[in-house]
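Number of protein chains: 6
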Amino acid sequence: MIRSYLLVNLTDWDYLPLMERWLYKDHAPETMSQLAPILHRYATYRAVPAPMGGEAFGYYNWRMTEHWWAESPFKAGAMGHGSAISETWPKYYAKAVGIPSGEQARGKAWRAKAPAFIFVAPRPTESFKGDGITIEDGGILRWVVVFKYPGGVSKEEGDDWYIRIHAPEVCEQVGLKRFFSFSAVDPTSLIGPFIRVSELWYENHSSWRNAVLENPPQYSRPSWSRYDRFPFLEPDVDFVSTFLLERPECDFLKDYRGYNITA
Amino acid sequence: MIRSYLLVNLTDWDYLPLMERWLYKDHAPETMSQLAPILHRYATYRAVPAPMGGEAFGYYNWRMTEHWWAESPFKAGAMGHGSAISETWPKYYAKAVGIPSGEQARGKAWRAKAPAFIFVAPRPTESFKGDGITIEDGGILRWVVVFKYPGGVSKEEGDDWYIRIHAPEVCEQVGLKRFFSFSAVDPTSLIGPFIRVSELWYENHSSWRNAVLENPPQYSRPSWSRYDRFPFLEPDVDFVSTFLLERPECDFLKDYRGYNITA
Amino acid sequence: MIRSYLLVNLTDWDYLPLMERWLYKDHAPETMSQLAPILHRYATYRAVPAPMGGEAFGYYNWRMTEHWWAESPFKAGAMGHGSAISETWPKYYAKAVGIPSGEQARGKAWRAKAPAFIFVAPRPTESFKGDGITIEDGGILRWVVVFKYPGGVSKEEGDDWYIRIHAPEVCEQVGLKRFFSFSAVDPTSLIGPFIRVSELWYENHSSWRNAVLENPPQYSRPSWSRYDRFPFLEPDVDFVSTFLLERPECDFLKDYRGYNITA
Amino acid sequence: MIRSYLLVNLTDWDYLPLMERWLYKDHAPETMSQLAPILHRYATYRAVPAPMGGEAFGYYNWRMTEHWWAESPFKAGAMGHGSAISETWPKYYAKAVGIPSGEQARGKAWRAKAPAFIFVAPRPTESFKGDGITIEDGGILRWVVVFKYPGGVSKEEGDDWYIRIHAPEVCEQVGLKRFFSFSAVDPTSLIGPFIRVSELWYENHSSWRNAVLENPPQYSRPSWSRYDRFPFLEPDVDFVSTFLLERPECDFLKDYRGYNITA
Amino acid sequence: MIRSYLLVNLTDWDYLPLMERWLYKDHAPETMSQLAPILHRYATYRAVPAPMGGEAFGYYNWRMTEHWWAESPFKAGAMGHGSAISETWPKYYAKAVGIPSGEQARGKAWRAKAPAFIFVAPRPTESFKGDGITIEDGGILRWVVVFKYPGGVSKEEGDDWYIRIHAPEVCEQVGLKRFFSFSAVDPTSLIGPFIRVSELWYENHSSWRNAVLENPPQYSRPSWSRYDRFPFLEPDVDFVSTFLLERPECDFLKDYRGYNITA
Amino acid sequence: MIRSYLLVNLTDWDYLPLMERWLYKDHAPETMSQLAPILHRYATYRAVPAPMGGEAFGYYNWRMTEHWWAESPFKAGAMGHGSAISETWPKYYAKAVGIPSGEQARGKAWRAKAPAFIFVAPRPTESFKGDGITIEDGGILRWVVVFKYPGGVSKEEGDDWYIRIHAPEVCEQVGLKRFFSFSAVDPTSLIGPFIRVSELWYENHSSWRNAVLENPPQYSRPSWSRYDRFPFLEPDVDFVSTFLLERPECDFLKDYRGYNITA
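Protein chains in written order, with my numbering: chain W, 12 to 274; chain P, 12 to 274; chain C, 12 to 274; chain G, 12 to 274; chain A, 12 to 274; chain Y, 12 to 274.
These are calculated hints, taken from the structure and not from any lab test.
Wrong hints could be hidden among the right ones.
Copies of one chain are not kept apart here, so a pair can be met inside one copy or by any two copies together.
[Said to hold, decoys possible] With a straight-line Cα cutoff of 27 Å, these simulated DSS-like cross-link-like pairs (lysine-lysine) come out:
(1) K124 / K106
(2) K140 / K166
(3) K106 / K188
(4) K265 / K106
The model shown is predicted, which means the values in this text are computed figures rather than measured ones.
The following block holds chain W by itself, in its conformation from the complex (with noise of 0.2 Å):
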């Protein structure tokens, strides 16, 4: 089983009203129609507007959706999507979403605001903060950070610095609930170049404020950080992300129905 982490920013608001009912019209009826049998958990959540300054973050606008796999989706005639009939895609798509023109829905290349897509194992690899936490503990505010190394900075290097250093510095922000991380599975960045996706949960738009901007602990910084702020990647190139509530604005596969078809 693998899990995966969709992140889509909407270029201007006015593609809102037809990318929603394509979405809930075309898009989700046609995945299930044709992954369902594969997909073992198909939620979207809506972004939440930014805390003021937290749009500096990469922030992305719209959605993130989660798809939990049976299996991957990449064997043959699973990513068309269906083998027998495919999916639709509206014609201004490219240009709503900011894919490169020229790259294909689902294409590796990746620029800044472009969908960010990646794979994971279902559970995360790192919890550092706040293990055992319960909806008893309070309101849940989660930053989704996808991110990747700057060019030059291995994996492991990355990672070494990340865990052993950066989590535990981050781990002393005043308000951090609850802090944990997914490396990457195969296929790796299928959208984008991203490596890791990392949650950081606070109270609400005030404590993350408070937490990262107003009140922030001492960082390192990396040595072969070319970003001088944290979180010492550089946003809309290293890193992603965006701010969801804990509920999903729809779980398709048990609250959602449209037109079915054949696969």
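For this one, chain W is given, so just place chains P, C, G, A and Y on it according to the hints.
Same frame as chain W, now just chains P, C, G, A and Y:
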């Protein structure tokens, strides 16, 4: 059958995580437990971010929840909600949604940004423009406006202006696709003083800006107006509004369940 | 509460793939979006292939769709369907279902094989045979007949023959298991001129053939009849019919969803 | 809208496996097939084992099923249930639920332990204690009591005692959390002679025992009473009761489906 | 994951009312009770009436039911179906679907018109034409063909002709929109001797007639063929087929429930 | 795929109202939020009142909950339950279900009446009697027995007696309809020391009493037994049991939803 529009604004995004949890985990299931037998529709629409400049129009940032009632919910026992067991309210509820302190969740007093709850007939009383529009006619950004006339202006006088003078002028807005209005029915102004709801539909954010801010038609200011700009009613005093899409985030009776109890 | 029977025939099987797609992908979700609050049942039965010889009895080959309405759907706004947004019709719709050219989807003019839409009380006005039958009494093949009396024959005169003379004779059919009838209520004959619906139930195809074609009882021809064979009404002029099973293919309000929008 | 309480007792646990199968496999789907358009709620609660000593209070051991009806189910055709096809009853039904031999499933005659079916308004006619209680106020064990006054005591006389004298005394029970009552409406006493339903809520089994058996308040015995102990009505003659939880085992219209047929 | 196609024909329409009732009332709920944990899709498509001339192509008139299995259903206990409790079969089952007398419901022997049950990989092994087609490309009439090669012709020899010679010729059919094929996997030919399933898609009935009967391309007859017309395999001996639409009548795991029991 | 049986007893009915609320309002939704992607079935059966004399057989009075797992839930993160957010437990949980004080909710230590949780293959390892039984063969009262052999008796030695000697003798019980058994798989004895589950099915309560207490067959006592009566294992030490019906009260994945959150 009567229908109601309930607009709710959050006074601070900090309330968002807990208010969303309360809505879906506690409130909607309790409402359905207690009122489903008299509810024929119970759907919630999330507010879309306002177009730039739109926040000045008494913008409500959280939700519009729509109910269709088989009968008035103000009969004995129904408003508690249930008669056997009552609904739960978070203790920060009044602060989160801006209810004046000392006022009840569904009290009659109203001040700027407090919930606006208005009852109307199931179908509009006036259709000014775009009758017959379908989903094939492009995107839909709904501007939902709940309003009254200023103190001293009777409903008849106000409506005479709104229907005979103002609405035809509004129909001249470039790109206005659909425009209809509902005159309130009993129980009028359950929360707040409002007496009409209108919906104005545009293609998207830019279309709204163009129609309302950048290239407005000529409007006639009513003699009684104390607010000199469109719509000649004072924001957050005489009217509030929000921006919605065509699809409810959740149609509770169809798509949601939760912990169900006796009524 | 009123109930309606809507029989629809396809003029050519070539329309089947697109008409089925329109029904499930577009039409049923739009109908539910716009009318669900006043619909208490909305179910569709596919026509069973007619027994040999059955096609001559004004057989409709596609569907019978049944609605139960809380109130008349002809109140302002309801028939469009919605008041805010209207339903979509395929451009080949009139041709596909045999509506006379120039006539609207729900117009009053009718010709052979055009949709027949008739409103009745929720329960039959007459039960001629088999009251108390249960599912344990064997198979059920429903012959649903929608009819009127010929021009010049009043409803009273026609009903006098149908109820007093004809129905008792029909009850003598070998193997007829159940026979009941509904007299139309307002809005009468929404599409088409019909004033009654009757259901006659048989064990299966052979039973129908035996009862109706091979071993019919003696029938009395009414003096006003211009058609000399059972049922003494001219097929496709004075009556149409179809064959159904006990189970709806889809009970939309219970078992179907789709893209749900504002009404 | 009217609401009904139906208490059913099994005369022997030996009937349990087949009666449960009949209820869920046959009866509920048939009821929904035939009556769903006029049912606004159809939920069943399983009886909780009685607290020690509770069986003496006319305890019903199987279920309370609750219906909310858009209209009286006694109109033509509705009680059969369906008009087209009727519901099935197991041949041991009368024995299993204690219906007097020779009596119909929904006949008027009643004897001890036979089903008790009573129609009331949707909301209580009297709320004696605990109005405003919520789920956050602890556990809820509902004692549901269906009763009449002894022969010779008029409803007015009986109610005068019950509402003016008895209920205030009952409110003195230690640990009684909630107490409300419904006066029957037409059709009164469909099965059985009863004219009132009351619900008394306790924290749990021990609380009921303490309040009712171990530390009862002082009660005034009505002059007409022929039964000298609380509640001054003869068990299984003048009243029956059962113990329920707050959550229905199944809310059929929301959470259940089954084989669906024509009505 | 494996997928199966099950084509079932009714030997007489007289079986239709009871077979449909058995399928929906008994069989599908039993199958789901016993096998749902290993089923990832369980959907049934009703056969569309054959285009004129289509019945001669080994046409099956009732249904194609499709399963996606997490694992082979032939492991101990799964085929009975359940291990605890077994499924029920109507006593006329073998006659209704044409199973040779003395043979079991899922036996290996096969004769003309008996059910054809074949297991394949989830995605086609060959896509001959129309890859990438979407729902926007018009109507879809699916011709599903299950076949083997005549006695004495090895799978290799047969496939060499089918894939290298025949399929490219079929792709020349006027109006053929899509053509793909699955090679059977273990358990091969559970019911019946078949080793391949192909799907050929047309716009509608007329398109099939035009492509297959009226304006066929030139075909090369294989040397081993004992049947001199397209498709060079003997109907009801070497192949059977049916016509379906894109939408399943029922996707049981998503859209259906029923009486659910232990497995 | 593995399957588990979880028997839970309440130490006092006083816990019933709050434990039922916790199960349906909090626990099942949390379990589904966190584990649904690896759960293929998650159903709960309420315990039926024991036949008279049945309580002495280590009777558990509350529930048996059954899970089918795609993979072991003991992989990193799954047992907490979630890795991101953990499940909530009422503070009286250990007391309510009889977990030894100081032990965790899913700890290994076990004492009489504490939850018994055992993992098995999806299908029985032994079917002793009644293979092929269907729902048409009458009522089903399931006696579910979870057991181990006494200290000092190896699984091999114990199984040799159980399968070779004891089971055939049990099959002689008058009225025993079905008897099958599962040998535990890893993770063995998650909660409690048990190594086998058997199901014995009877027509009803009286049949159980007759078969087990009133007219038992001759049994051979194993030499190692320290308990001299059937089943030669000490109740609440070497075995526990409960009585269930064929239908789960709730099949959570199919029929239940609730507040759904991230995992």
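Ascending list of hint numbers which this structure does not respect: Hint 4 contradicted; others consistent.
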